[in-house]
Amino acid sequence: MSDFDSAESTPVPERPRKRQRIYDDSEASTPRYSSPDEVEGDHKPARSSNLRRTPRSRSASSEERSPRPKYRSRSASSSGSAGASPSQTPDAGPSPPAYKPPQLNYKQKFILRGHQKAVSQVRISPDGCWIASASADATIKIWNATTGKHMRTLEGHLAGISAIAWSPDSNTLASGSDDKIIRLWDRASGIPYPVPLIGHHNYVFSLAFSPKGNMLASGSFDEALFLWDLRARKLMRSLPAHSDPIGGVEFVRDGTLIGSCSTDGLIRVWDTATGQCLKTIVHEDNPSVTTIRFSPNGRFILAFTLDSSIRLWDYVSGTCKKTYQGHTNLKYSLGGTFVTGATSAYIASGSEDGDIFFWDAKTKEVVQRVSGHDGVVFWVDSCPMTGLVVSGGMDGTVRIWVDTYEDDTMAREEAAPLEDDYKPKEDPEDDNMAVKQEDIEDSEEKYHNDTPMGRSPSRERSPARSQEQVTSPERMEH
Amino acid sequence: MNLALSDPFVLAQDYPEQTTGSLRSGHATSVRFNRKGDCLAVGRVDGTVVIFDVETQGIARKLKGHTRQVQSLCWSRCGRYLLTSSQDWRCNLWDLQTGTILRSVRFHAPVYIAELHPWDHFKFVLSLFEDQPLLVDCTNPEPIKMKLPTIPKRTQIDDEQVDKKQAAQDAKQSTTVSIFTASGDHILAGTSKGWLNIIEVATRKTIYSTKICTGVVIYLRLTNSGRDLVVNAQDRIIRTIQLPNLSAKDLDPDTIDIEVEHRFQDVVNRLSWNHVAFSSTGEYVTASTYNNHDIYIWERNHGSLVKILEGPKEEHGIVEWHPHRPMIAACGLESGRIHIWSITSPQRWSALAPDFAEVEENVEFLEHEDEYDNHPEEELLKQRLDLEDEDVDVLTIEPVKGEILDSENTFKMPFQLDLDDSDSEEEFISIRRGEMRRKSFTGTDHLLDGDTGTSGDDRTLKKMKGRSKKR
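Chains A and B supply the protein sequences, listed in that same order. Residues 1 to 478 in full-length UniProt numbering are what the first sequence spells out, letter by letter. Residues 1 to 471 in full-length UniProt numbering are what the second sequence spells out, letter by letter.
No incorrect hints appear here.
Subject to a maximum C-alpha distance of 30 Å in a straight line, what follows is the list of computed BS3-like cross-link-like pairs (lysine-lysine): (1) B:LYS205 x B:LYS164; (2) B:LYS193 x B:LYS172; (3) A:LYS234 x B:LYS412; (4) B:LYS412 x B:LYS64; (5) B:LYS62 x A:LYS234; (6) A:LYS331 x A:LYS362; (7) B:LYS145 x B:LYS62; (8) A:LYS180 x A:LYS331; (9) B:LYS147 x B:LYS64; (10) A:LYS234 x B:LYS64; (11) B:LYS211 x B:LYS165; (12) A:LYS234 x B:LYS36; (13) B:LYS307 x B:LYS36; (14) B:LYS205 x B:LYS145; (15) B:LYS249 x B:LYS205; (16) B:LYS382 x A:LYS331; (17) A:LYS234 x A:LYS180; (18) B:LYS313 x A:LYS234; (19) B:LYS172 x B:LYS145; (20) A:LYS362 x B:LYS382; (21) B:LYS164 x B:LYS193.
Calculated directly from the structure, the hints in this document are not laboratory data. Source: prediction; values computed, not measured.
Chain A with its partners taken away, still in its complex shape (with noise of 0.2 Å):
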């Protein structure tokens, strides 16, 4: 936020570098938008939630520290701020902070109705173009990542589908269902292959492709880790790998390491090669973990937990590395991601209270706090090429989220001062006007602030409503 400000007041020391970084981003975000009024004509509330958000990153850090942060705290500063942030200007003009402030504006593009029941988990395909969503009502669909179109919707499964993954070239989709088979589908056509992986002996809870596509490790509730040949549909390797239900697998970026974890509060690092377990990492509160993502670089692996943390662990030395809190994460297998921003890496990921989250990888501070879902969004998935967002939740839609943080700067230099369009986002109205567009009908823009305000208490998670079944997330209450 100091950023903006000093950019707009002290231009000379500062624009070349602003201008520097928005040309850089806007030829990768430009696409990600089917018209470019979409951008323009909601710019003013998208920046001021950027306005009121950023100075957080610094003067609440200590905040952010405290042992269970609140969102009544994050709201509280965050307005304390946005009154502060013009005199902190001349402050931050001479002298450009080293490191910048992390800013994120993720807004709402589409929501994708169709799901008769809750969505457990949303994955974009690796390049970019797919997003498919999987079902507790025993359906996977599969929609354009750009438009946002329908495009499929693969049947087969006889019970709720807890997991799928894409392969690497994007043309097969597997997915593990409470049926315990794993079913291969070829995207094009819709059709699953003829011969299901059939193995294990529970619900199937999480699967990964290996980065050549060669290999499929699934993670299941008889708490074994199968690895699958699946050139000839073997099991190639089962390893005994956990004593409780296994939340999560992933493969490492060169596919050396496959990881697992489980609620019983352990997570392994195994060798693909030898199958022999190289690591065990475990918090000293052991809390059930529920997925684990390695990070892009593959050296550390982000770690979800039941304890509403989410921790990034450098498994090579078995530390803790960062600890992400402030969501709420206490019964259900929430999933998220890494999203790869321009400069800096963010963590994002659902929360059992509607929202999506946004934290800095490197500061630990919220970034960005988005609510539409309404109930649990159990899994948050980010395109590393175009930084799309896409999240699926306890009521049954699979949402679009764009960063439309870069189009913003652009479009206020282009255009308006910055005193004017700062007033409004003030504006509570904005927010209610947000919340009343939500019901509208699906694929029609519905950007909408992320401020304290915004969310409507009819939104906050009721306990009639997590009655509502959703067969797999549900069972990682324990």
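Following the hints, position chain B against chain A.
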């Protein structure tokens, strides 16, 4: 990325210790790893070329085109193209992106060995049975075949009498093996009279010749770096040679000095060697033995024998070393199986329980200053979170030692899910039925090699299977 977690003692092991498995698809006669080491090309007696996935040990691709036994295999640097030569007098260049033949070149004699140019996958050099070696450029669909000289280059000093005699002798010899140097500017050729010729590619003239052994030069192979050469010869001695820099600008062919670095031989049993290969780094040399079951490994520092690998009781033909792992693959001559030797590391039990550590001997317990102090939980938590101030970089990809950079090698073989799995059935039966059944299959392969085409293959197999079930 598993190196950081692997047992350092296992990583320090450079050469394989024991058999770890075997691959089978028909009767294999030749094997070759690609540069990345994730694929193993296998040539069969019936002319089929099979690409095995080293990770899954399953078949990744089947290439059908040759009608006779595959003689040699050679991968292009990028791993996308594969050159195969066969006894059907043809060389095929396969594009693995599509699995089709990109170029098929027919010669007027059976091909011994064909080797691709290290940088240009449309050029290759091959040695023919009792004929002059050829340099082939098949950039255009119509291949250009260029003859290469076989006659060694003699120094001018020899008098005429000797010269005549020599010329008569020279005319009789033929080139048995020819390979490119690492730069691709020169060709190394071995002849049936034990000469090693260095041929310049640009002029196709022999620039240097030396007699390195008395018998036939059976095989030549360079290390991955291209600096060292191993020569297998009929005189039962394996020689390693450090090559001079042939691409130096001021290279004077007359000053080239080729000196044999090591001579590996079995003085006691006088074994002769079927095939030789360098290890990934070139530190070791391995050889399969004639009329013997063992695989020998020598190291090149002192020139000593370090290991005799015992394995299946069968003689091995072509032996290959994995490009960056201590892993050896060799073709069993009798069964046609590919046997694999590698390292098996024991499971470290401390890896399973993070709060346990393996210690060599007893360690006396010393209590830390604050080990049993009581702290309020809140405070601990806060402390712990405050400690997390280290900068983490989750994006930058650090290069891994031994890994081929993605920028250099971007080809990924398209993944096929719908392979016909007749071969896996074949394998299945051979395991269940044991030695007898398997032998009968290899017999079938031999028969098929003689008369029927590849299409009849599967049908015959199915018939055989039906019969075996009845019994």
